[in-house]
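J.: Each chain is listed here by its residues.
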Amino acid sequence: MPEPAVLARGSATPAATFWSRARRHPSFVLGALLSGLFAAGAALSLLWTPHPAAEIDVPNKLALPSAAHWLGTDSLGRDIGSQLLVGAQTSILVGVIAVLIGLLCGVALGCLAAARRGWVEEAVMRLSDFTFAFPALLSAIMLGAIYGPGLVTATVAIGIFNIPVFARTARASANAVWSREFVLAARAAGAGPWRITLDHVLPNIASILIVQCTVQFATAILAEAALSYLGLGTQPPTPSWGRMLNEAQTQMFQAPQLAIWPGAAIALAVLGLNLVGDGLRDLLDPKLARRR
Amino acid sequence: MSVFLLKRLLTFAATLAVASMVVFAVLELLPGNAAQVILGDTATPESLAALEARLGLDQPQLQRYGTWIGGLLQGRSATSISYDMPTGALIAERLQVTLPLAVMAMLFTVVVALAAGVYAASRHNRLGDVGVMFASQLGIAIPNFWFAILLILLFAVKLQWVGAGGFPGWREEDGGGLWDGLAALLLPAVSLAVVQASVLARWTRSAVLDVMREDFVRTARAKGLSRRATLWRHVLRNAMIPVLTIIGLQFAFLISGTIVVEQVFVLPGLGRLVFQAIANRDLVVVRDVVLLLVAMVVFVNFVVDVLYAVIDPRLKPSDA
Chain A
1 MPEPAVLARG SATPAATFWS RARRHPSFVL GALLSGLFAA GAALSLLWTP
51 HPAAEIDVPN KLALPSAAHW LGTDSLGRDI GSQLLVGAQT SILVGVIAVL
101 IGLLCGVALG CLAAARRGWV EEAVMRLSDF TFAFPALLSA IMLGAIYGPG
151 LVTATVAIGI FNIPVFARTA RASANAVWSR EFVLAARAAG AGPWRITLDH
201 VLPNIASILI VQCTVQFATA ILAEAALSYL GLGTQPPTPS WGRMLNEAQT
251 QMFQAPQLAI WPGAAIALAV LGLNLVGDGL RDLLDPKLAR RR
Chain B
1 MSVFLLKRLL TFAATLAVAS MVVFAVLELL PGNAAQVILG DTATPESLAA
51 LEARLGLDQP QLQRYGTWIG GLLQGRSATS ISYDMPTGAL IAERLQVTLP
101 LAVMAMLFTV VVALAAGVYA ASRHNRLGDV GVMFASQLGI AIPNFWFAIL
151 LILLFAVKLQ WVGAGGFPGW REEDGGGLWD GLAALLLPAV SLAVVQASVL
201 ARWTRSAVLD VMREDFVRTA RAKGLSRRAT LWRHVLRNAM IPVLTIIGLQ
251 FAFLISGTIV VEQVFVLPGL GRLVFQAIAN RDLVVVRDVV LLLVAMVVFV
301 NFVVDVLYAV IDPRLKPSDA
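Residue numbers (my numbering), protein chains in the order written: chain A, 1 to 292; chain B, 1 to 320.
Because the hints were derived from the structure by calculation, they are not lab data. Check each hint, because a few of them may be wrong.
Stated by the list, open to error - Interface residues of chain A toward chain B, partial, derived using beta-carbon atoms under 8 Å:
hint, residue
1, R24
2, P26
3, V29
4, F130
5, A133
6, A136
7, L138
8, A191
9, W194
10, A226
11, Q249
12, F253
13, A259
14, A267
15, N274
To be verified - Away from chain A, derived, C-beta distances all over 12 Å, residues of chain B:
hint, residue
16, L39
17, G56
18, L62
19, G71
20, D84
21, L138
22, P143
23, S206
24, A222
25, L254
26, G257
Cβ coordinates follow ideal geometry from the N, Cα and C atoms, glycine included.
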């Protein structure tokens, strides 16, 4: 069928409508800018950093910000700005993998529980309770004790913790959808549990899941930073924002400025992601969007 | 209701039992065995055999699991290798810091978050709402340990009002006291609560807003009930279900947060105990502390499950 040459006024595509509304959503725009900056910093560091991130320059240690070192140097004379840029890579890598682990396993389990009810739901929820009883930190402590602390064990630990978070959210929202009249109508029309899950449940819980993804991404960044701060995450010489804070704390009385930049970087990245999540919630949920 | 409670109690006990098996099994996965890990690669075969016998590693796994759990149920705990005292006594000592810290942080969290969340929802899209949402966005984004470091920078390094960390103890004969103890936990509790309260305030606001759009709220308003009365009698009760879920979920974060913040403030709590135990390769302590922390999370979620049924009678026992 040929496309109409000119779209009638008011009949823009959903994507175009989305973007035109997104541009007018200030916190979404701010969040997108911060997240973009975060991603751009990580991408830039793959190609270029002001100084090699691991380059030690002891004569220039604890330097204040200058033209040569925009954000100053740490106790070994390493360039703080370069370490921050490379540290963004670590955060993104951990965040993406940990969220994917949680999303794929958790949503499948949550939808299964809501669709099947009965003993399946009971089993899934108990499994979820059970996995949930192991906060990322505890899993990382135990995994670290076995395999040694490191980025992989930290990422897996955070991912495992994400599974019950997604499973609970998916199951609670899916249960609410299952009790709605349009699902009853679909069942009356002969649709089975899988058809209903795919056609009605997932589209109706997608916006909640997207918001949860951005929140969990942000949480994963925070968790990685905390684990690295404790020495259970990224190991030297890989730069990590959490480990930079750990090193900064030992220099707190001599060079308090060292504690500012890595924390600010974590906070801005997390703030950006959360603002994007909030914005998406407003923009993707037509029920909320109409009424706001 | 009593059948429901019994069922929940049984699943609580079963979850704990499985959790203990997982903790036991995971630490059994160690390459080599616990004695090897504790002594390192340079251990002589004789010292290895002696430690294996002391840890009971020469017995079958099932028997060791039985001894561990049986002992715990009878109030006996294994002896820590590095401290040479029962883990129960060690943990009880450290809980005197961790438990008050967690309770203080949770109290701050719930009070601040419910007040801020309900206030924001009742001022929806007005200045108060925007202010609360902005503050909570900032609070959520700040890592608790960084906030803790900033508090130390401000109050210990710059203003020099408090020490940079440490805990004086609860008893006056130890040089501390109730107020000194509470004062030492104040900054750690605030740094834990800021993040948690920000998360909870957002959820409270959105739960209240969701309920305020329900038909029964319109009906309540239409029959002449004031906005305030509708909020307290109808909206809050219904909004509490998702809020309680989040409080339950947050408890796990609070436990992790406590462990991290204890490191920042050098507080002699469970967190420091477990990290010292890892450094000393004292696996007996790691095992028992991890089990205790897991048990605390499971217990709080059991309480949340029971509260669901109390708050919302529509959640029949078979659904809850």
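J.: Determine for every hint whether it applies to the structure shown.
T.: Going down the list of hints, with the structure as the test:
no. : hint : verdict
1   : R24  : 15 Å, violated
2   : P26  : 10 Å, violated
3   : V29  : 14 Å, violated
4   : F130 : 5 Å, holds
5   : A133 : 5 Å, holds
6   : A136 : 7 Å, holds
7   : L138 : 5 Å, holds
8   : A191 : 22 Å, violated
9   : W194 : 22 Å, violated
10  : A226 : 5 Å, holds
11  : Q249 : 6 Å, holds
12  : F253 : 6 Å, holds
13  : A259 : 5 Å, holds
14  : A267 : 5 Å, holds
15  : N274 : 6 Å, holds
16  : L39  : 15 Å, holds
17  : G56  : 19 Å, holds
18  : L62  : 20 Å, holds
19  : G71  : 21 Å, holds
20  : D84  : 21 Å, holds
21  : L138 : 7 Å, violated
22  : P143 : 5 Å, violated
23  : S206 : 8 Å, violated
24  : A222 : 18 Å, holds
25  : L254 : 9 Å, violated
26  : G257 : 8 Å, violated
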